[in-house]
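Visitor: Okay, here's what each chain looks like letter by letter:
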Amino acid sequence: MAAEDSELLAIRNLHVDFETDAGLVPAVRGVDLNIAPGETVALVGESGCGKSVTAMSVMRLTEGRITAGSIHFQGRDLSRLPEPELRRIRGGQVGMIFQEPMTSLNPVFTVGRQIEEVLTLHQQLSASAARAQTLELLKRVGIPSPERRRLQYPHELSGGMKQRVMIAMAIACRPRLLIADEPTTALDVTIQAQIMELLRSLKQEFGMAVLLITHDLGVVAHFAERVLVMYAGKIVEQGSVRDVFKRAAHPYTQALLGALPDPLEPTLRLSAIPGRVPSPTMLPAGCSFCARCAHAFEPCPTERPELFEVSGEHRAACFLRRPPATFAPTPR
Amino acid sequence: MSIPVGPTPVVELAPRPEAEALGIAETPAQQLWRTFRKDRLAMLGLYVLLALVAVALLGNLLTGWWVVFDPTTVRLPDKLLPPLSAPSTALAPELRPPFGSYPFGTDELGRSVFARMLQGSFVSLSVGVVAVGISLSIGVTIGGLAGFYGQRKLGPVSIDTLLMRFTDVVLCFPTFFLILTVVALLPPSIYNIMIVIGITSWMSIARFVRAEFLALREQDFVTAAQALGLPEWRIIFRHMIPNAMAPVLVSSTINVAHAILTESALSFLGFGVRPPYATWGNILADGRSYIFDAPWLFLIPGAAILVVVLAFNLVGEGLRDALNPKLRRRAS
Amino acid sequence: MWRFLARTIVQRLLLLIVISIVSHTVIHLAPGQPTEVDPMNPMMKAEDIAKIRKSFHLDDPIYLQYVHWMRDLFTGELKSFRDGLPVLSKIWPRFFNSLPLFLCTTLIVWTASFPIGIQAALKRGGKFDRGTTFVAYTLISIPGFFLSYLLILWVVRSFHLPVIGLRTFGTESATGVVRVMDRIWHLVIPSLMAALTGITGIAVLSRYVRAQMLDVLGQDYVRTARAKGLDENRVVYGHALRNALLPFVTMFGLLLPGLISGSVIFEQIFAWPGLGLLSYEAILTRDFPMILTLNFIAAALTLFGILLSDILYALVDPRIRLE
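Protein chains in written order, with numbering that gives the first Met the number 0: chain A, 0 to 331; chain B, 0 to 331; chain C, 0 to 322.
Derived from the structure by calculation, the hints contain no laboratory data. All C-beta atoms, glycine included, are put in the ideal place defined by N, C-alpha and C. Treat each hint with caution, since some may be false.
[Unchecked claim] Covered stretches of chain C (chain B as the covering partner; in silico rule of three or more C-beta atoms under 8 Å from a C-beta of chain B):
# : region
1 : 7-20
2 : 134-142
3 : 272-286
4 : 291-300
[As the list claims (entries may be wrong)] Over 12 Å on every C-beta distance to chain B, these chain C residues come out as not near it, computed from the model:
#  : residue
5  : LEU72
6  : ILE117
7  : GLN118
8  : ARG156
9  : GLY164
10 : ARG166
11 : THR167
12 : ALA210
13 : PRO256
14 : ILE264
15 : VAL315
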């Protein structure tokens, strides 16, 4: 494997399980993910594929248990780090913004106080220095009249402004990595564009790496450099945005892209992917996508595909891409 | 707030073939039962309640109609005997208890405590159930009307305001005081007690139903039903009430427990049902005087009330946990 | 906000008047005349009865009786049926007996419920949680008087100590310290019983605290607080608790009516001469003015309590405050 030291974030073979009434449910089943300093990586997939869980596991914010694998950030394994040190990294070197700005801010504290809290905690600023810095941050994320806004409570702000406040909190300490879990899903379309634009300018100014979780392929196309596609807890395709979008190799990715209506070619029906995402409690043997795949053939139902190389860094977990040399039929 | 996911919440008794084809395995009712079953304490409570109903029915039968255990027989030579003692030889043969012993001893008049407890079980249980039945009818009606027709005006005020102000007024009455006053001033009768407890405990049910109805009205399935031209009463009864029942069910179960406790408190203060009618409350109250000499007269009914009320509470809490969607695992 | 306040006060006052009218009507509609059960003189002659009825306006139409009641009440002239003494002068000393009991019970309940509830929520499913849950359910289910009698039985049998009443008979001549300690001893037991089993007791309140904490701990903003790197104590006690406490501030105001209504049973058991016992006796003897007055006071306390809750809630929750 490439030296983990050069990567900002290196997730290896991550397995995350949830304890439920129905037993131990695997939400993430062996995910590998790298992010280089300053790189923007998108993790896409449908609801329930495990992308949010993966993102939240980085800072151990999920209720699930990490049952295997490692999460190396700047050389240290976050999954095994003692709590006090992890806390220093949370909010300091790694910032995170969440999907629902409506409920992610504490309703009984002013917006300014919530931002100042991060500053006083990680940078030990005095109260007045923190206040000044907060005003700067609010200005930077595009909130007008910050002196007034600072003293307001979350319910007095619109959804878009709340999300800007969240971003201000997350970048207050100039983190090396920003994890954005569906940051625009709960917002109006016009606000979505503004927020993504803000993130882009912040990314450039600070040289931050960004891990973007989303199911919106349009956002990925405009914002990310590399993309990983997740399905049922595993990565099924990864590569640069150009490679994956122009020459999708995995049938699932192809179907996702094909499901997007093309305004230049109006068709009578949208192509939906037949079948349903398998429930994590009843995962099929072999390739998880096999039952819904139009190209399924002999090895698919029984063997689990690994990420085969398509070209350079572009990989897909599909037997269609398996190099012919290994096709020798072995007795089973 | 998170958007509710899942099939339209209409309660069915058994899954129809289409549901099975879609992979939906069970109805909400079956799901409720399955979750409820996992709670061991709640199941214990349920068994106790089933046993109680059996005992109450049997007891009523065996002490009232086909008399095996006679609660009214006075046997002065045998008074104040401890549990499991045999009748004295001085007793006339026709007065001897069945099976030649007093399982729970005798009271100050030589009556079999066991027989009185049997008779009392039916009475105590029915007081609880009828009282709650009354409060349910009133509460659901008022709450449902306020929730559904709330915006219509009746003169200068809307129906909602009218009904809710009325509820507030009744809530402001010092309840126990009122019950006490009414019960003391009216001729003592079990029906008075049932009615009075019933008409002073409907308020929380009305509030719950109104809140549920207000939420349900906005949901699409109501609009869909209206668009289909269904008459209003049918929408209310067939579609909305089953969905609003969750908190009401929990509330009612706990209210039965509370009604039984209130009845025993009333009997303790001397305002309960008059002899020879036995309720557990007045057996307990009578036993108060003999607490040092014949403690079983006090302990047995007290323990019985404790067990039954505890069972109701456990079942009620079990229902609340089983019906609470927040406690189920979220879709990632 | 002040307009909102003024409006609520007026509404509550109206409500109070309505309640007084309704209770007045209810009492007078009940069968049984007060003069039938006058314990002072079971063999009253007809003209005595007529005299009593006249002086208490019992033959007037009901609305006139109401007016008389209200007027007498507020001028302090209202007299009890039992012994002709002014109602308010009988209530006042009993109030001072009930007050320490009420305060002590409330203190016990509120200082114990929060730590228990919070701990149970933090270590949900653990031994502490399961243990306190079981105990709470049991306490909720025990009839209050049952537990009290059991306790009395145990204390008297094992320790030979008196438990009933305000003080032990014969301690009036003892020294100050002994007297005080005796009073405290007699206060603690009934308070403890009321605190454990009452409807606003530890059992119920701690469950509610636990439920609120669990609810708040599952909220998104708690996750955000953790994502900022705050340590667990800050997250729980700074961010979560502050939100979880909101409904309890309002509950505080609703405690007030407990001064009268909560204590009837416990004052009866422990022979504590307070307002509860007074109302019990009044009901038994059909002492209308007393019953009505106590009812009125209870209702007034309830409404005042609700008003207090509304004010406190508006002060504490920023979402309400700024409207």
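Visitor: Hint by hint, note whether the structure agrees.
Guide: For each hint, the structure was consulted:
no. : hint    : result
1   : 7-20    : holds (count 3)
2   : 134-142 : holds (count 6)
3   : 272-286 : holds (count 5)
4   : 291-300 : holds (count 4)
5   : LEU72   : holds, 17 Å
6   : ILE117  : holds, 19 Å
7   : GLN118  : holds, 19 Å
8   : ARG156  : violated, 8 Å
9   : GLY164  : holds, 17 Å
10  : ARG166  : holds, 23 Å
11  : THR167  : holds, 19 Å
12  : ALA210  : violated, 10 Å
13  : PRO256  : violated, 6 Å
14  : ILE264  : violated, 6 Å
15  : VAL315  : holds, 22 Å
When held up to the earlier numbered hints, the structure conflicts with 8, 12, 13 and 14 and fits the remainder.
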